[in-house]
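J.: Note that the protein sequences, when read in sequence, are chains A and B.
Counted from 1, the first sequence has number 179 at position 179 by our numbering; the numbering is strictly sequential.
Counted from 1, the second sequence has number 112 at position 112 by our numbering; the numbering is strictly sequential.
Any given hint could be a false lead.
Here are the computed lysine-lysine pairs in the DSBU-like style, where the Cα-Cα straight-line distance is at most 35 Å [what the hints assert, rightly or not]:
| id | chain 1 | residue 1 | chain 2 | residue 2 |
| --- | --- | --- | --- | --- |
| 1 | B | Lys20 | A | Lys226 |
| 2 | B | Lys11 | A | Lys226 |
| 3 | B | Lys61 | A | Lys183 |
| 4 | A | Lys167 | B | Lys76 |
| 5 | B | Lys65 | A | Lys149 |
| 6 | B | Lys61 | B | Lys3 |
| 7 | A | Lys208 | A | Lys167 |
| 8 | A | Lys84 | A | Lys149 |
| 9 | A | Lys149 | B | Lys19 |
| 10 | A | Lys167 | B | Lys11 |
| 11 | A | Lys183 | A | Lys84 |
| 12 | A | Lys222 | B | Lys20 |
| 13 | B | Lys3 | B | Lys65 |
| 14 | A | Lys226 | B | Lys19 |
| 15 | B | Lys53 | A | Lys167 |
| 16 | B | Lys19 | A | Lys208 |
These aren't lab readings, by the way, just hints derived from the structure by calculation.
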Amino acid sequence: MNTRIRKIGDALLYIGTLLMAILLWLIDANFDANGYSSWNESIRELFIHAQGLSWVWLIIIILLFAIGYLLKVFTPSGAWIIIKTLIDDCHEIAYPDHQDGAMHEHRITLYQYQSLLLWPYGKRDWTNKPWYNPWGRKLRPWTGWLVPKVRSGHTTQSLRSVFIANKNRAISEGVCGQAWLNKVAVKPTTIRSINQSSAARRIDQYCKDCWGDPDMVKKRLKDGFKPPLAIAAIPIKVHGEIWGILCLDSVSPDAISESYNNDLSMIVRSFERLLENMT
Amino acid sequence: MSKTWISVAPKLVNIPERKKVNGVDVTISLPPYDVPLKATSYMTDDGAVFEFKYRSDDFEKLTTKTHNGVTILYGKKSHRVKEIRMSKDLLQELSSRAGKDASTSVHEFNMDHIDDDFDEVLNLSAAERTLENYRTLIDNVATSA
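Work the whole structure out from these sequences, hints included.
T.: Right, dumping it as structure tokens:
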């Protein structure tokens with residue numbers, strides 16, 4: 001189905017390009033000139049009429065481009081569907097004892113590194129930020145960001161968390177940000193547990209354990225979200241450079257085994273290969 | 001000369017290490033991309049060569065660094081170790097020190113003392129562990145010497 005929708009998107013873009021070429025010729029043509037005098041009178045009248053409606057054609061072409069583009073952008077390609085399947089496979093390997101019940105409590109998310117994030121959407125809505133800077137205080141679109149692309153399961157697809165990935169150690173955020181910065185797989189040995197009634201000092205300690213943003217954690221606790229007590233991040237490399245981070249997080253402190261990185265290595269290598277052919 | 005490649009088990013090579021990163025206790029390990037898939041060794045006229053194969057490493061430009069008779073050939077961008085070459089002089093020095101022949105001394109060669117000189121080669125530890133774990137299996141050097 002997705003392939004068919006993407007093909008329709010492609011077709012609309014091709015038709016739009018063809019109509020644009022015809023429109024440019026139509027705008028430029030002078031049908032009263034001698035070159036067109038041999039044309040059938042009724043056909044010439046038709047073209048002159050069409051020429052008068054150039055702006056209508058322009059709107060139709062813009063609509064064709066917009067619909068074609070949106071169909072392509074919002075329909076995942078075959079490769080992304082395979083990557084989603086591989087991430088679900090990773091879930092089975094990483095959390096063998098947590099395959100039943102609350103899948104959203106034991107997650108795997110693939111983040112992509114973006115050096116430029118044009119609009120942070122509502123993703124950083126927990127940050128105490130000034131109205132004129134939606135990226136957050138002292139942050140810029142070019143700060144460097146890890147943006148969620150795919151997550152395991154089907155009930156956990158709300159992809160909201162973006163992390164700062166910057167060469168400055170002090171502002172790189174979360175375990176993902178540290179894995180990106182240090183170019184190694186990282187897993188904090190202990191993360192102290194917190195809940196909605198935890199004191200601010202305890203929340204700060206939790207954030208220190210996993211380089212978290214206290215504003216984000218407080219907002220998520222208020223929303224009834226259980227904070228993860230085990231987090232691990234594996235750098236995903238494409239053509240020798242970090243493409244993104246594969247992040248494992250679970251509310252159960254012992255859900256992620258010490259050998260998580262090696263257990264997932266075969267699958268990680270497979271989707272690195274896929275990404276290599278997509279970028 | 002045909003090379004015999006030995007498959008590398010990530011669990012033997014990529015052992016998690018406890019470290020403090022930015023004041024936090026963590027275990028760190030190499031990304032799967034940086035762990036060699038296969039390894040081999042052989043003798044040439046210039047000395048001994050240990051070679052490593054990775055997933056998708058054909059695109060890469062390589063660079064070399066030499067110190068004390070050990071040359072490391074690694075990826076310019078990825079810093080993955082492709083080859084470790086030991087000169088004939090070094091082999092002779094090692095064998096005279098140990099009172100053995102050169103090919104045997106290759107197996108007993110300790111990489112520890114060259115670590116500091118190759119700091120910027122990020123995944124030297126993976127290549128080194130591959131050698132340590134597969135030293136008994138990489139016997140091409142001994143047989144071809």
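J.: Does each hint hold? Answer for all of them.
T.: Consistency of the hints with the structure:
Restraint check for Lys20 (chain B) and Lys226 (chain A): the C-alpha separation of about 26 Å stays at or below 35 Å, so the hint holds. With a C-alpha separation of about 32 Å, the suggested pairing of Lys11 (chain B) with Lys226 (chain A) holds against the 35 Å cut-off. In summary, the hint linking Lys61 (chain B) to Lys183 (chain A) is supported, as the alpha carbons are separated by about 20 Å, within the 35 Å threshold. Of the supplied pair hints, the one linking Lys167 (chain A) and Lys76 (chain B) holds, its CA atoms being roughly 20 Å apart against a limit of 35 Å.
At most 35 Å may separate the alpha-carbon atoms for a hinted pair to count; Lys65 (chain B) and Lys149 (chain A) exceed this at roughly 39 Å. For the suggested pair Lys61 (chain B) and Lys3 (chain B), the alpha carbons sit about 22 Å apart, so the restraint of at most 35 Å is met. A hinted pair counts as satisfied when its Cα atoms are at most 35 Å apart, and Lys208 (chain A) with Lys167 (chain A) qualifies at roughly 19 Å. This hinted pair checks out: Lys84 (chain A) and Lys149 (chain A) have alpha carbons roughly 9 Å apart, not beyond 35 Å.
This hinted pair checks out: Lys149 (chain A) and Lys19 (chain B) have alpha carbons roughly 30 Å apart, not beyond 35 Å. The suggested pairing of Lys167 (chain A) with Lys11 (chain B) holds, with an alpha-carbon distance near 30 Å, which does not exceed 35 Å. About 24 Å separates the Cα atoms of Lys183 (chain A) and Lys84 (chain A), which keeps this hinted pair within 35 Å; it holds. At roughly 31 Å between alpha-carbon atoms, Lys222 (chain A) and Lys20 (chain B) fall within 35 Å of each other, so this suggested pair holds.
Restraint check: the Cα-Cα separation between Lys3 (chain B) and Lys65 (chain B) comes to about 24 Å, which is no more than 35 Å; the hinted pair holds. The straight-line distance between the Cα atoms of Lys226 (chain A) and Lys19 (chain B) is roughly 27 Å, inside the 35 Å bound, and the hint therefore holds. At roughly 30 Å between alpha-carbon atoms, Lys53 (chain B) and Lys167 (chain A) fall within 35 Å of each other, so this suggested pair holds. Of the supplied pair hints, the one linking Lys19 (chain B) and Lys208 (chain A) holds, its CA atoms being roughly 16 Å apart against a limit of 35 Å.
Violated hint for the displayed structure: number 5, the only one.
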